[in-house]
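Asks: Here are the chains, one letter per residue:
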Amino acid sequence: MGAVVVLEEVGKTYGSGHAIVSALDGVGLAVPEGEFVSIVGPSGCGKSSVLNLVAGLDNPSHGRVLVEGRDLATMSERARSELRLRSIGFIFQSFNLLPRLTVERNVAWRLERIGLRRREVRTRTAAVLEQVGVAPTAWSRYPSELSGGEQQRVAAARAIAPEPRLLLADEPTGNLDSANGRMILDLLRRLNVERRTSIIMVTHDAFAATCGHRTIEMQDGRILRDVGSFAEGAPSLRLAVGAREFRQDRS
Amino acid sequence: MIGGLRTRLESLAHDLPQVAMAVVVISLGVALASGVLLANRSLRERFDGSVEALAGVADLQITAVSGGTFDAAILDAIRAVPGVKAAAPLLLAPAFTRHGGEVTRLRVVGVDLLDDATVRVYRGPGGGAALEDPLLFLSQQDSVLIPRALATRLGVPEDGAFAVETALGSRRLVARGLLDDSGVALAENLLVMDLFAAQEALGADGRASQIDVVATMPGAVDGLREALAGVLPSHLDVAPVAERRRELARAASAFQAMLDAIAAMGLVLAVLITGNRLATLYQGRLREMAVQRALGLPPGALVRGLVAESLLVSAGGVLIGLPVGVGVARLIVQPVADTMSLNLQQVVTASGVTVRPGPLLAAGAAGLLAGALAALLPALRVARAGIVTVLGAGPGRDAAPEGRVKRLGRVAAVAGALTLLVLQLATPTGGLAGLTMACVALAGALGVEPGLRWASRPLGSVLGPAARIGVEDQGRSPRRAVGAAIVLMTGVAVVIWIGSMARSFESYVVRNLMLDRESDLSVDSGFNDLTVGDDARIDGAMLQRLAQIPGVRAVGAGVNAVSLRPETGLVAADPIRFRDPAFGAWPLAEGAWPDALERVARGEALLADATLASRRALTVGTPVRITTPSGVLELPLAGITPTKFRSPAGDVMLSRAVYQRWWGDGTITQAFLVLEPGASARDVTEAIQGTLGREQRLRVLTRDELAGWYGAGVRRAFSFLDALAGLVLVVVTIGTGDALAASVLERTREIGALRALGLTRRDIAAQVVAQAVAIALVGIGLGLAVGHAMSFAFVEGLIPSLLGWRLELQASWQVAALAAVLGAAACLVGAALPAARASRMSAIAALRCE
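First to last, the protein sequences are chains G and F.
For the first sequence, this note's numbering assigns the number -12 to the initial residue and increments by one for each residue that follows.
For the second sequence, this note's numbering assigns the number 129 to the initial residue and increments by one for each residue that follows.
For the record, the hints were derived by calculation from the structure and aren't laboratory data.
Do not rely on the hints blindly, as some may be mistaken.
Stated by the list, open to error - Coverage of chain F stretches by chain G, computed from C-beta distances (three or more under 8 Å per stretch; other residues unrestricted): (1) 597 to 603; (2) 868 to 882; (3) 886 to 894.
As the list claims (entries may be wrong) - Listed below are several chain G residues computed to face chain F (Cβ distance under 7 Å; list not exhaustive): (4) Y1; (5) D45; (6) N83; (7) L85; (8) R87; (9) L88.
Since we're looking at a predicted model, the values are computed, not measured.
Every residue, glycine too, gets a C-beta built ideally from N, C-alpha and C.
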């Protein structure tokens, strides 16, 4: 099973001279295809820096970041954008939906950008919105007319619409109440099971942290603990639906 | 108070780039306004000062009813009228001098120097006598008195000689006395000569342009006027000086109102752009203000504080704008003077700009007011924002749905504008035209928001998926873009308005003037090359010699003059020009007598142009009475021609034989030559220049050259409008750039998300450019419509009311295309910086942005 993401002795520093701050220090990590990894740790420990480096939004100060076997540092800005567009989905804590586009358009634009035909865009948009549980009556609404949970589901639909192999989630439940938070975690789990999408989720939520196959604890820019792994066949069974489906899938 | 001021300054210092942009915009508006106002006031002051300085203490002024000069022998009879304290003749003529490659327009004034001090004030340097040796001055025909400022400007020392171009050719004059900068010297660019020397130099022996009369008892002017009217022949008119001044002031005011409107438009644009800029500034501080309100600051205090800040910003703009405005005034004063000369048919000189506090204060106050007005709406908006919403989820960017009142307002404005345009078409009047222009501009502005909404969908489909996001985003909530599109619409409309007006003047003037000037060659005074008109006289006796030049088949002359009773221009043409189509045509409006042209050629009738016929409600067959030096001429109106542009009051066309007989004037202004078939125009021109041209300063032009010269004159007169149009485009560029920059700033977080989700930097830049394209499409589209509608109302309604000319609108696709291209270019140039900024934005930093 090949690794979708590999971090080799990655370090990241900000600033210069006396004001230099080390965000990551010698982080090594490999995420196999289909693995659901949760990264936990206190604020400022370097969780989000890992996500930014994996997404190609930032460059490591040293070490290498490989996504789908390709070293991001050797890729052009344009190629990295292309990678994000086609192979990486991103879910943000504060949703970041485009406020002046309808729900449908918020999902469809990535598919259009990829170059799908209009009919295919429409079909696939409808499919992912149904998959994440957004009712068709809401498709023509604007983000401001939706609840937080609905917005995050639309954000998830947007993230998975191009069928990426990797999904990055930055505190996806951070702005949601517990019911909506569980719903989103359930959704992520289902995506992981149904599509075998690799997921890296940064979270503060202890409950959310146990939803994946593997939990990485970080502190001061280093990996403190790395618990469990998909390869070892020890998936978390926290969520009923996801667990059942996961079991079926495994069997 | 100081603490408050410091707080405000600190607050502004945090947003220095945005504040700097607002300062620049305000300063541009103030510069435009103060520049136009200063140039306007300077010219007006000079114009009024000249009129006043020349009038001196005179109570009454005697002039020829037919305009021009009259026999000064009447002076003795005038002096003999009881109640006349003094009567001083004056001969006025335009002249030019060249100094350092520049042509300076002068006025030669011939006065009886020994007697004129009873009417006008002459002071030498230091307030002493202007003439140290009157006998020497009078004994030398080339003596002139010259204002000291003018002498310095022309580099003429006392007793120094300089060359002056007059209608009769070049003259060498000597400055035998300097005038202190008071009294008559205030009449700008004046050369004072002895009356007899001036008569000789200007070929006007025994003639005067006016006689100024001082009454013994200033309170009995009306009685003296009646007494003088009893003595004067019918071709002379006596009127109080104050009345003449009022007439001139009225004519000058109308022209100035037009310039003031342009200055006001500059400030309106500044308000729009600054409002947009401040709205962005305040939006960025929304959370901070919500915290202040949560801690007890009332909304009123918040609004007052923000308006105070904007006043500080506009104060900065005013401080920069006023000195720039002085520069703008210096740049445009000469072309404005040319335009004023053309409109007033008077010599208006422009020797620099006098920096007066009045216009600067007015422009400065308007700039401060503009800043306060610009701040008011955004300040009220942020003060009304919900505290909990802002502190919780952050400021929303969603536009509130449009209410019924707003929608009805838009429909009503468009319907009102269309109704007024139809009314304007049916009954064009000045007042209605002003209202129509205001309503059209309002309807256009209100149409921008729906325009941007409607344009977003089709445009999004065309521009591609990445750009579509930007256009759709803007279409959903086009608040920022509306400001930019309104600025662009206004800019394009102003360019079209200015262009159409100049074009209407140019093409209509050239077309109408050339209608009866279709001959192969025209001969007139070379002096016309230096003036804004073609009225310099030449000797009529040369017509016979012109006819004898080999290759010439026929000669027909014309003379242009004015009449004061009634106020009208006169175009007298030789009978052959009415009969022989080779000289041109006299197209007549429907209802003209079938043999109208023959009757005019025979001297049995006359023609009136459309302006005169409309102003005086003349119909074909109506007898028209004109007071001439030989009595009252009465001829029936045989037909109505298009406007001839001799006088804003309208023109009369008649046979030159009638003119010669009634006015006793054998001079001409132009001779038209029809050549033999196969004759070379070049050979004939050379033959004329080799003989007559050498004796008299003649200019020979082909038909195309003549049309080109008329066109160039009008273009020169309107050239200052090009400079103003250029300034408007600069403001449009800044406005568009500003709105897009504000939009980029607002969308920072979204842009970060888009980048994280896979859009490239180029995609982000394409979104901003697409937004600019949408703004350009809507702004230019509406600008074209509004510009043409405003031009129509202005040309059909306001120009006849303000200036007297009755024109036809010449809508030009070239002007429209130029305005559209320049507008689009301004828009795209404005978009370049925000697009680059958006594309350079770090995705991580953008995502962290609140």
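Asks: Check each numbered hint against the structure and report the violated ones by number, ascending.
Replies: 4
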